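Participant: First to last, the sequence lines map onto chains A and B.
Just so we're aligned, residue 0 is where the first sequence starts under numbering that gives the first Met the number 0, counting upward by one.
Just so we're aligned, residue 0 is where the second sequence starts under numbering that gives the first Met the number 0, counting upward by one.
Hints were generated in silico from the structure; no laboratory data involved.
The model shown is predicted, which means the values in this text are computed figures rather than measured ones.
It is possible that part of the hints are untrue.
Quick look at which bits of chain B chain A covers, simulated, 3 or more residues with Cβ under 8 Å [as the list claims (entries may be wrong)]:
1. 293 to 305
2. 351 to 362
3. 441 to 453
4. 533 to 546
Straight line, CA to CA, 20 Å or less: simulated SDA-like cross-link-like pairs of lysine to any residue [as the list claims (entries may be wrong)]:
5. B:Lys440 x A:Glu37
6. B:Lys440 x A:Pro59
7. B:Lys450 x A:Leu299
8. B:Lys440 x B:Gly410
Facing chain B, according to a computed beta carbon distance under 10 Å, are these residues of chain A, among others [to be verified]:
9. Arg67
10. Glu68
11. Phe71
12. Ser110
13. Leu115
14. Gly117
15. Gly122
16. Gly239
17. Ala242
18. Ser243
19. Gly282
20. Pro286
21. Glu287
22. Gln333
C-beta atoms are modelled at their ideal positions from N, C-alpha and C, and glycine is treated no differently.
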Amino acid sequence: MKQRHKLTKWLVVLVALHGIVAAAGFFAPYDPTEQDRERPYLPPMHVHLMDAQGHLHLRPFFYPFRLREGSFDQYEEDTAQIVPIKFFERGTRYHLLGFIPSRLHLIGTASTRIYLLGSDAYGRDQLSRILYGGQVSLLAGLLGAGVTLLLGALIGMAAGYYGGWRDELLMRIAELFLALPWLYLLFALRAFLPLAVSPLEAFLLVVVVIGMVGWARPARLVRGVVLSVKERDFVRAARGFGASDFYLLRRHILPETASVLLTQAAILVPQFVLAEMTLSFLGLGVPEPMSSWGNLLATLQQYNVLVSYWWMYLPALAIVPFFLGYLSLATALQERTSPYKMEEKTSWNLS
Amino acid sequence: MRKDRLPLRRRRFALSLLLACAAIISLAANAVPHPQQPNAKEELLALPGEIGHSGGRLVVSLRSEPKTLNPLTAADTPSREVIGTMQADLVHINRATQLTEPSLAKSWKISADGLQYTLTLRQGLRFSDGHPLDADDVLFTFRVYLDESVHATQRDQLIVGGKPITVRKLDAQTLVFQFARPDGVEERLFDGLAILPRHLLEKPYQEGKLGQLWTTSTPPNEWAGLGPFRLKEYVAGQKLVLERNPYYWKTDANGNRLPYLDELDFLFVPSADAQVLRFQSSETDIITRLGAENFSVLSRQQRNYTMADAGPSLEYNFLFFNLNDLGDKSSADLARKQKWFRDVKFRQAVSAAIDRDAIVRLVYQGRGAALWGPVTPGNRRWVNAAIPHTPHSLDRARILLKEAGFSFSTGPNGESTLVDSEGKPVEFTILTSSSNSDRTKMATLIQDDLKQLGMHAQVVPLEFRSLIDRVTQTKEYDACLLGLASFDADPTADLNVWLSSGGTHLWNPSQSHPATPWEAEIDRLMEQQLVTPGYDQRKKLYDRVQEILAENQPMIFLASPDILLGAKNSIANFRPAVLEPYVLWNVEQLYFRSGAENASR
Chain A
0 MKQRHKLTKW LVVLVALHGI VAAAGFFAPY DPTEQDRERP YLPPMHVHLM
50 DAQGHLHLRP FFYPFRLREG SFDQYEEDTA QIVPIKFFER GTRYHLLGFI
100 PSRLHLIGTA STRIYLLGSD AYGRDQLSRI LYGGQVSLLA GLLGAGVTLL
150 LGALIGMAAG YYGGWRDELL MRIAELFLAL PWLYLLFALR AFLPLAVSPL
200 EAFLLVVVVI GMVGWARPAR LVRGVVLSVK ERDFVRAARG FGASDFYLLR
250 RHILPETASV LLTQAAILVP QFVLAEMTLS FLGLGVPEPM SSWGNLLATL
300 QQYNVLVSYW WMYLPALAIV PFFLGYLSLA TALQERTSPY KMEEKTSWNL
350 S
Chain B
0 MRKDRLPLRR RRFALSLLLA CAAIISLAAN AVPHPQQPNA KEELLALPGE
50 IGHSGGRLVV SLRSEPKTLN PLTAADTPSR EVIGTMQADL VHINRATQLT
100 EPSLAKSWKI SADGLQYTLT LRQGLRFSDG HPLDADDVLF TFRVYLDESV
150 HATQRDQLIV GGKPITVRKL DAQTLVFQFA RPDGVEERLF DGLAILPRHL
200 LEKPYQEGKL GQLWTTSTPP NEWAGLGPFR LKEYVAGQKL VLERNPYYWK
250 TDANGNRLPY LDELDFLFVP SADAQVLRFQ SSETDIITRL GAENFSVLSR
300 QQRNYTMADA GPSLEYNFLF FNLNDLGDKS SADLARKQKW FRDVKFRQAV
350 SAAIDRDAIV RLVYQGRGAA LWGPVTPGNR RWVNAAIPHT PHSLDRARIL
400 LKEAGFSFST GPNGESTLVD SEGKPVEFTI LTSSSNSDRT KMATLIQDDL
450 KQLGMHAQVV PLEFRSLIDR VTQTKEYDAC LLGLASFDAD PTADLNVWLS
500 SGGTHLWNPS QSHPATPWEA EIDRLMEQQL VTPGYDQRKK LYDRVQEILA
550 ENQPMIFLAS PDILLGAKNS IANFRPAVLE PYVLWNVEQL YFRSGAENAS
600 R
């Protein structure tokens with residue numbers, strides 16, 4: 000009972016997190032590509048309730064930042080002007096979930112732009128870029144995991160069920176895939192593609208590549224499960240009654256691999272989000288001006304950004320709750336589906 | 000960051016160094032004994048400036064290892080920088096004043112017809128191994144430079160009017176250079192042409208091994224030069240150590256023999272960020288070629304060093320479109336785009352839409368200059384101040400585009416798209432070098448500027464070599480953002496860029512006939528300034544070239560970064576210049592103020 004509770008808890012957390020990213024248009028105050036050339040590298044603004052004179056305000060507000068005289072990136076708060084933060088404000092046009100046109104934003108201001116998480120080298124809002132970037136990174140992770148699991152399940156089942164030379168061949172290919180230097184192959188692949196890759200093509204490329212890379216491990220796991228399941232009595236009985244291979248695989252063997260596949264999914268999604276970040280970090284992901292967590296972090300390759308602007312690290316923090324959610328989900332799934340583990344746990348509790 | 004400039008005129012591939020060892024062994028057997036007694040009074044050159052004191056070791060970082068110490072084959076920046084401190088030329092350009100001054104030649108005379116240069120050498124000078132210098136060394140040097148089989152990088156410069164310069168010796172100190180036609184560059188020609196030691200190089204030259212000689216691993220006793228420093232030690236992958244040349248021919252105002260420093264070390268530090276860290280931790284004494292971002296990081300944490308902004312460099316960054324005539328090879332897509340690119344109004348509109356001030360502010364943090372022509376404000380003598388600084392104006396850009404037959408169509412989300420006369424949307428890609436973050440940033444800003452005009456530009460960062468290959472060889476690209484840095488302030492330095500037959504005439508390189516009337520006019524003006532003596536006349540011609548370029552915008556000039564550098568507070572006579580080498584040009588005069596700090600290292 001307790002396990003089930005834990006599982007739902009983490010599922011709810013993950014759905015909420017994904018919901019925020021999916022509805023980035025609503026939660027992000029601005030268009031992620033909109034530049035504000037007067038405000039490069041603006042530090043995160045402070046939200047106040049108390050003003051400089053000590054008066055309490057009901058509505059949160061902030062003081063706009065002013066560039067210090069003769070400086071490029073040193074700002075100071077201008078306490079002469081109070082800019083109240085408005086909720087459910089109409090702002091730039093966007094499409095919710097990609098198709099519902101809307102102009103409603105969670106927060107907004109009437110005059111000066113608000114930068115809750117600071118701005119980047121072009122004065123683009125870092126909060127909006129992290130939220131929109133999450134769409135790319137998470138979708139790449141989810142789709143990539145889907146492709147991987149599909150390939151892994153198919154190949155693993157074929158190898159485990161048919162055995163013999165087919166098993167040998169598929170498993171040797173899997174080993175080959177595990178041993179390939181993927182990063183270099185990717186660079187080579189990119190060199191063959193046409194020069195101008197549109198953001199969508201770049202995204203698809205990232206997903207396909209991520210998906211193609213990882214199938215070997217789940218395939219081996221699935222093969223192991225299939226190998227043991229196909230010798231079980233109920234499978235032998237079904238075969239004795241004349242069931243076809245396809246029927247056996249679909250009806251009796253596939254359901255047995257479900258727990259392995261689910262746990263794998265929960266582990267693979269965050270891994271693939273990380274893979275997308277690596278690819279974008281190296282310039283193989285979505286192109287500017289689109290953002291993804293990987294290319295947001297790529298700016299940290301520069302020493303001066305590293306030492307001068309701490310808020311550029313924030314995209315790295317954004318993935319932490321997602322990782323925590325997915326990995327806890329994986330643990331909960333494993334505990335729930337593995338009877339062996341359950342026994343171990345209860346016996347430990349009893350002693 | 001700046002390693003990926005295009006090498007300009009002196010671009011030549013270094014010869015193979017495989018036979019180096021063999022050459023060195025054969026040399027060692029024939030080492031010349033050093034004459035002990037000076038046979039004439041030395042004519043030394045006294046330099047004005049702060050009087051220093053001897054001693055100390057200066058440590059400088061280089062972005063990469065110098066490929067060679069051989070002036071004949073050196074094409075890369077690190078090699079040239081190192082060789083610059085080890086060799087000397089007949090006439091030298093003072094990097095601070097940008098004017099010529101006597102060097103190994105104490106005086107020169109140009110005949111009235113501009114065809115004959117008579118140079119007089121200083122008397123009693125010696126190479127760093129003690130061997131005396133005389134006119135035969137100069138004769139030998141120019142014979143080597145002009146010998147086709149040597150493939151010297153300097154050869155191109157010495158072919159004037161299609162004929163090589165001839166040199167003859169009048170007496171032991173006097174030489175006559177004969178030109179086929181007057182050369183507008185005049186005595187600046189001799190700058191950077193190192194005078195080579197005949198006593199060491201004649202034998203290898205006759206054996207045809209000169210190209211493989213003088214690698215970084217050459218033993219110091221097989222090497223000799225006339226520069227302030229001489230070879231001491233080379234540690235592969237780490238550093239090159241030079242020591243004071245005891246026979247150097249310059250003194251300070253008090254008559255003390257220069258250089259002041261005992262030792263000059265070049266550390267090989269591969270990345271700009273690593274160079275900053277080395278400088279911060281006091282492992283190096285000077286840092287040059289700094290980007291604006293690292294400059295501001297260093298300025299903020301200033302402790303025992305001073306940062307200096309020497310003003311706009313000679314580097315100019317620009318956007319250019321593919322104007323090559325590709326004939327049948329061209330794809331239909333590119334041919335359609337080239338129709339826009341060829342329209343001068345289109346190029347002018349793009350130029351008007353670009354916010355150059357934003358580029359200077361956001362890319363160079365204000366430490367740079369916006370450009371409307373190829374000559375930067377740093378090149379004080381040659382810049383045409385009359386070129387209009389057309390302000391950033393989207394309205395003007397829209398008018399120009401409408402005049403050129405483009406129109407705007409409004410999309411479903413209210414965003415406007417620029418369409419050409421056939422109703423096709425205006426979309427193109429901009430190539431930039433992925434290793435240069437400054438230019439990638441510029442491209443991102445331009446992309447946003449052009450979006451305001453309804454143009455969809457996509458930025459494609461490419462590895463530098465494949466980018467150059469696309470621009471100069473396959474010519475499969477739409478637009479490209481690059482930068483060039485002239486190595487000298489004189490217009491002749493960029494001859495290859497402006498002549499339509501030039502290999503660096505980037506928008507349409509190596510043409511057999513000028514493709515447009517204005518390119519023909521630039522060709523004519525550039526050829527004319529080559530043979531016109533006198534600065535005023537040449538300036539007029541070059542001003543016109545700058546005007547034509549600004550009007551026709553084959554390159555849309557963007558911005559020029561400042562020369563940013565830093566040095567320890569203890570270094571005196573530190574006078575950075577905008578010409579290469581930015582700091583080490585007066586390395587013989589640099590000295591450490593307090594001996595204590597240096598000794599503690």
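Participant: Can you tell me if the region 533 to 546 of chain B counts as covered by chain A, using C-beta to C-beta distances under 8 Å and a minimum of three residues?
Facilitator: With 0 residues in contact (Cβ-Cβ under 8 Å with chain A), the coverage given for the region 533 to 546 of chain B is violated.
Participant: Take the region 351 to 362 of chain B, compare each residue's beta carbon with every beta carbon of chain A, and decide whether three or more fall closer than 8 Å.
Facilitator: holds (count 4)
Participant: Is the interface hint for A:Gly122 satisfied, with its Cβ closer than 10 Å to some Cβ of chain B?
Facilitator: holds, 8 Å
Participant: Taking the closest Cβ pair, is A:Gly117 under 10 Å from chain B?
Facilitator: violated, 15 Å
Participant: Double-check A:Ser110 for me: the hint is only fine if its C-beta lies closer than 10 Å to a C-beta in chain B.
Facilitator: violated, 22 Å
Participant: Given the hinted pair B:Lys450 and A:Leu299, is their alpha-carbon gap at most 20 Å?
Facilitator: Not satisfied, since the Cα-Cα distance of roughly 27 Å exceeds 20 Å.
Participant: Verify the interface restraint on A:Glu68: the C-beta must sit less than 10 Å from at least one C-beta of chain B.
Facilitator: violated, 12 Å
Participant: Against chain B, run the beta carbon of A:Leu115 and see if the smallest gap drops under 10 Å.
Facilitator: violated, 22 Å
Participant: Tell me if A:Gly282 is really an interface residue toward chain B, meaning its C-beta lies closer than 10 Å to one of theirs.
Facilitator: This hint holds: A:Gly282 lies near chain B, its Cβ roughly 6 Å from the closest one there, short of 10 Å.
Participant: Can you confirm whether chain A covers the region 293 to 305 of chain B, using C-beta to C-beta distances below 8 Å and requiring at least three such residues?
Facilitator: Since three or more residues must qualify, the claim that chain A covers the region 293 to 305 of chain B holds, with 4 doing so at under 8 Å.
Participant: Under 10 Å, Cβ to Cβ, is where A:Phe71 needs to be relative to chain B, so tell me if that hint holds or is violated.
Facilitator: Result: holds, 4 Å to nearest chain B Cβ.
Participant: With the threshold set at 20 Å, check whether the alpha-carbon distance from B:Lys440 to A:Glu37 stays at or below it.
Facilitator: Roughly 15 Å between the alpha carbons, so the hint for B:Lys440 and A:Glu37 holds.
Of the numbered hints given earlier, the model fails hints 4, 6, 7, 8, 9, 10, 12, 13, 14, 16, 17, 18 and 22; all others are met.
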